[in-house]
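K.L.:
What follows is each chain in one-letter form.
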Amino acid sequence: MFESAVVVPGLETPHGEAAEVEVLNLTKRFGDFVALDDVSIHVAAGSFHALLGENGAGKSTLVKCLIGYQPADTGSVSVDRRERNISSPREAAALGIGMVFQHFTLAPNLSVAENLLLAQPRLPALLDWKRERAALEAMLAEMPFRVRLDALAGELAAGEKQKVEIIKQLYLKRRFIILDEPTSVLTPGEADELLGYLQTRTQAGKLTVLMITHKFREVMRFADAVTVLRRGKHVAGAKVSETDPQRLAVAMMGAEDAQPKLATPVESGHAAGAEVWQVSALTVIGDRGVPAVDKATFSVRAGEIVGVAGVSGNGQRELVEALLGQRRILGGAVSIDGKPYRQRRHEMQALGVRSLPEEPLRNACVGEMSVADNMALRSFDKAPLARGPWLRPKALAEQARSMIEHFGVRTPGPGAPIASLSGGNVQRAVLARELSEGTQGPVRVLIVANPVFGLDFRAVAAIHARLRAARDAGCAVLLVSEDLDELMELSDRLLVMHAGQIAYACPRAGADVATLGRYMAGETHA
Amino acid sequence: MSAAPARPRPLIDALLPVAALVIALMLFSLFVAMEGQAPLEVLETIFAGAFGDAFGWQNTLLRAAPLILTGLAVAIPARAGLVIIGGEGALAFGALGAAAAALALAGSPNPVIWLGMALAGMLAGGLLIGFAGALRQWRGVNETISSLLISYIAVALMNHFVEGPLRDPASLNKPSTLPLAPEAMLGNLPGLDVHVGLAVGLVCAVLAWVFLRFTIWGFTVRVVGGNPRAAAMAGLAVTPWVIGLCAAGGAMAGLAGMLEVAAVHGSCNASVLVGYGHAGILIAFIARQNPLAVIPAAILIGGIGAAGSLLQRRLDMPDATVLVLQGILFVVLIAMETLRGRAWRMPQLPAPRLAKATPAPEEPA
Chain Z
5 MFESAVVVPG LETPHGEAAE VEVLNLTKRF GDFVALDDVS IHVAAGSFHA
55 LLGENGAGKS TLVKCLIGYQ PADTGSVSVD RRERNISSPR EAAALGIGMV
105 FQHFTLAPNL SVAENLLLAQ PRLPALLDWK RERAALEAML AEMPFRVRLD
155 ALAGELAAGE KQKVEIIKQL YLKRRFIILD EPTSVLTPGE ADELLGYLQT
205 RTQAGKLTVL MITHKFREVM RFADAVTVLR RGKHVAGAKV SETDPQRLAV
255 AMMGAEDAQP KLATPVESGH AAGAEVWQVS ALTVIGDRGV PAVDKATFSV
305 RAGEIVGVAG VSGNGQRELV EALLGQRRIL GGAVSIDGKP YRQRRHEMQA
355 LGVRSLPEEP LRNACVGEMS VADNMALRSF DKAPLARGPW LRPKALAEQA
405 RSMIEHFGVR TPGPGAPIAS LSGGNVQRAV LARELSEGTQ GPVRVLIVAN
455 PVFGLDFRAV AAIHARLRAA RDAGCAVLLV SEDLDELMEL SDRLLVMHAG
505 QIAYACPRAG ADVATLGRYM AGETHA
Chain F
162 MSAAPARPRP LIDALLPVAA LVIALMLFSL FVAMEGQAPL EVLETIFAGA
212 FGDAFGWQNT LLRAAPLILT GLAVAIPARA GLVIIGGEGA LAFGALGAAA
262 AALALAGSPN PVIWLGMALA GMLAGGLLIG FAGALRQWRG VNETISSLLI
312 SYIAVALMNH FVEGPLRDPA SLNKPSTLPL APEAMLGNLP GLDVHVGLAV
362 GLVCAVLAWV FLRFTIWGFT VRVVGGNPRA AAMAGLAVTP WVIGLCAAGG
412 AMAGLAGMLE VAAVHGSCNA SVLVGYGHAG ILIAFIARQN PLAVIPAAIL
462 IGGIGAAGSL LQRRLDMPDA TVLVLQGILF VVLIAMETLR GRAWRMPQLP
512 APRLAKATPA PEEPA
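Protein sequences appear in the order of chains Z and F. Offset between the first sequence (1-based) and the working numbering: plus 4. Offset between the second sequence (1-based) and the working numbering: plus 161.
Bear in mind the hints are in silico, worked out from the structure with no lab data behind them. Since we're looking at a predicted model, the values are computed, not measured. Some clues are possibly wrong.
[What the hints assert, rightly or not] Here are some, though not all, of the chain Z residues that point toward chain F, as calculated from beta-carbon distances under 8 angstroms:
| # | residue |
| --- | --- |
| 1 | R332 |
| 2 | G336 |
| 3 | K343 |
| 4 | P344 |
| 5 | G442 |
| 6 | A466 |
[Claimed, not checked] Ranges of calculated distance between the beta carbons of each label pair, as one might list FRET restraints:
| # | chain 1 | residue 1 | chain 2 | residue 2 | range |
| --- | --- | --- | --- | --- | --- |
| 7 | F | L182 | Z | P393 | 51 to 59 angstroms |
| 8 | Z | L131 | F | L476 | 32 to 40 angstroms |
| 9 | Z | G442 | F | D174 | 52 to 60 angstroms |
| 10 | Z | L130 | F | H321 | 54 to 62 angstroms |
| 11 | F | G242 | Z | S426 | 23 to 31 angstroms |
All C-beta atoms in this analysis are idealised placements derived from N, C-alpha and C, irrespective of residue type, glycine included.
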């Protein structure tokens, strides 16, 4: 991307000096959804500041507002103690603020040298390659790591690309760099090398870094200060020397206020029944080709909710996809009622396996098909929705009308494409299908992942009540959530996932948030 | 989720192909005007050649018969979300398979020969395109590119066998397989000068439509094609369905090849390949991948093709002129597809630079 220079009146850029950035009372709404709620952060000049938070906590929204990618609704940004109206990334660049995105922005069929040079705001019509190249080499000589200037960017490994992205920001003489999960594609060794170099730059007062991350290890090792966001709110801010991973994990997942609730736990009305499903030594390969779920073993009884806690990216998504049948299982076994379960349709129908995956439109619906069709997804091939091989559209519409009424789905009609509904109503439609017994047979096993993500307070309460009702009716529920409050409120037992393994298990009644935090942070020996 | 979902506008969507046809005819008029011809006269001649009289209709329907099938060859896999463009190769394979079956069954009663040829043609075409589907599901190969490349191989193989092992020594200037006995050729529909292939095409289109629209398997196909993740969650077997639909599409094009051999040419030779497979792509796009709509689309494109000779005779234009019209129509049609489902608003002027209130398109991440 070309960033041409923008003249900002009154700008005197002290090159080579770290910038100080202060964000005051930033609020950003998307429709009814409050992505950022009155957030203030002060990033001192020359500091290495970490920004922690679960998915959807507002981290990306915050930095996008900061670099002018999207305007905030209210609030202000000051750079070097002067209030600035940054309304585009170009203006941020003119102030010396740059960002390294999660996805790569290099032109794959140009060389590294060309990529670096092209990033400059102003290029002459004719390039003096000898001079430019000498300048590039001089800059690289100061760095502790090597990149091949003549290699094509597209041929670099992910780690090398990430280095080039960061070098590009340094080459552009940025004084404030925002990194969005910069080490997700790096090995721990590469991550240490890169972050270590940035740390020396900040300590020398040349650079300020604001880093979005999920990894406590990096926060503790490289950052000076840390801010935790949760559901768009600033929930914790501290010097790294004065905090520890388990406190940060608890702040991220949000169980500080769960402690009082523990005194008056909402118990299920009856004791849990027999073990309905067992998962033993389940191994699932992740997107990067390494096991994302590593020999996970657990079981769920009838009439209980088992909650799975963990910092996101520790294998929960892959676990759910494997149990749903969306991801291939590499090893281990899943069995229901003692018999092997292979995610086949006839098994799902016979055993009453249902699921509420996250992002229902992406995982559980066909967007262009109608609400009625989507509500029939589990049972369209059985009487009364089908007679022999023939669909019965009237029966489909009738079932849809009944579900729409019982679950309060707001839709123009059963024939409207489900993608035209709002997020909350898509969620209700899926809930109606997955929890209704009627024509579909009993619900005995339920896989639930982040069921209330992005929903408002009343919708959350309604969905939680439905899950409890299913549990009380004897359903075996596995609830995977990034929200510790939700888990503490609903679960009968808790599991903690870390690095693809079940690191810890305990009954909810005896759950201690500090201990959970320690296991979520991976400090199992402590 | 922050963006307002597009409201369905079936009327505008249905009118898009018609609008594409009108725009394409205007562009084509421009083209023939540059050649010094009167556009209206050219269009009138095309219409006369296609639908002007019984002879024009006969010529049109003769072409429509295989075109319905090659249109289905694209439209059926499209229901599983695949863009298959290897119809020409499947047609070639089908023609070759049918000719080989005719050789093997020579001397049998006619119905046996016809059934054997049809099955062989469908099997050959189905295997070819089914292979492209299997490559996609198991090896992650793009089915559009693989089906096109496989199609070249199929055409080359057909030429190899026709000019080599299966060549009729008596075919001197035009290498062909041994011709069918005249009494073993497929006849015409009663009362029409059009062979029974037209009826075969119509029946296939109607069957495909009924299957996809009214049966539980058709429902399964819509789920698999619409969202494979949701299909997996509902326990539907995505891979067999995708490969099966590819094979079914290939079988349709293979059947078109068989009809060309059994009803038109009497043997398998280079005349079988006149671009019906490629025109099928255009037909399926005009028909919005709806099997029933493939029928009028095939008649339209068949008519344009049939008009070529009249253009040549009456206006002394090359008969490839109608291919130019087909090409323009295809490009305009694909360009119009990007308008589908779009909100119809006046284009917004870029906001002044200092104004802050530009709505952000990004969702909260």
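K.L.:
Each hint needs a verdict: does it hold in this structure or not?
P.N.:
These are the hints, each one checked on the structure:
no. : hint                                : verdict
1   : R332                                : violated, 10 angstroms
2   : G336                                : violated, 19 angstroms
3   : K343                                : violated, 16 angstroms
4   : P344                                : violated, 15 angstroms
5   : G442                                : violated, 17 angstroms
6   : A466                                : violated, 19 angstroms
7   : F:L182 / Z:P393: 51 to 59 angstroms : violated, 37 angstroms
8   : Z:L131 / F:L476: 32 to 40 angstroms : violated, 56 angstroms
9   : Z:G442 / F:D174: 52 to 60 angstroms : violated, 34 angstroms
10  : Z:L130 / F:H321: 54 to 62 angstroms : holds, 55 angstroms
11  : F:G242 / Z:S426: 23 to 31 angstroms : holds, 26 angstroms
Hints 1, 2, 3, 4, 5, 6, 7, 8, 9, counting from the list given before, are not met by this structure.
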